[in-house]
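S.K.: Sequence:
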Amino acid sequence: MTRKPRYLWLADQLRTPILRGEMPPGTRLPSRTRLARTYRVSEQISRTALRLLVTEGLVEARPGSGYYVRDVPDVFRLCRTDATSGSGLGRLSREPFGTEQEIGEHPINERLRMREGEPVYRTTSRGLAEGRPLTLHRSWEPASLTVGTLRTPFDSAPEVGLLERLASAGYPVDRVVEEVGVRVLRDSEAALLDSAPGITVLVVERTHFSGDRPVETSDLIGSADQCRLLYKLTLARPRPRGRA
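When we follow the numbering used here, the leftmost residue of the sequence shown carries the number 57, and every step to the right adds one.
Hints in this document: simulated from the structure, not taken from any laboratory.
Predicted, not measured: the structure shown is a model, and the values here were computed from it.
No incorrect hints appear here.
Straight-line Cα separation of at most 20 Å, EDC-like style, residue types lysine to aspartate or glutamate; simulated pairs:
hint	residue 1	residue 2
1	Lys288	Asp230
2	Lys60	Glu99
3	Lys288	Glu235
4	Lys288	Glu261
5	Lys60	Glu112
6	Lys288	Glu234
Please build the complete structure, drawing on both the sequences and the hints.
M.R.: This is how it looks when you write it as structure tokens:
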């Protein structure tokens, strides 16, 4: 049997009492030196074990102070459904930032199947929990679809949703594709989320189609610690046996 690396073994010794509630949030963990002496390991091993617990979200490092057991963060479920294409923000409140026209760039051009140099409308909003930003939503749509009409994101009434607006412009949405992944938070996104660049975030790339044409694409970016995606999908009922 392969022997478990010592840093994993040490992380287990610390993780177990944390998960059992024996070390409540705010508890200061022993220093790297003290851990090394207590468990008879090197300081490199104790440092690696503590960093692993930080990565798992159980412990936080406070510069100049040490390592502490983290508070359990509230979890917000973002509903994804095949019935509507709303914000899906659940208990989060939406804070709009407005719409701007810009020249589309890669990879947005690729997702919208647009040529280089074509303009898009970019709309930005945030999802707030008790006034604190938790999610960032950015959407892009080809300006050519609604330019010169009263159905652009600039001209449409706030209460008119995306699907209704595009349908009235002659592009009824009949298909939605989502791709979910994780990546690090970028500088421009971190500024809007009042967070630090480089942390791990959950990203939902959603694209709306009218027939085979993509008419809007968006990124929903949320804290990996606090955001969960809740999918509600409708399944066709199986026909009873014996019926044609």
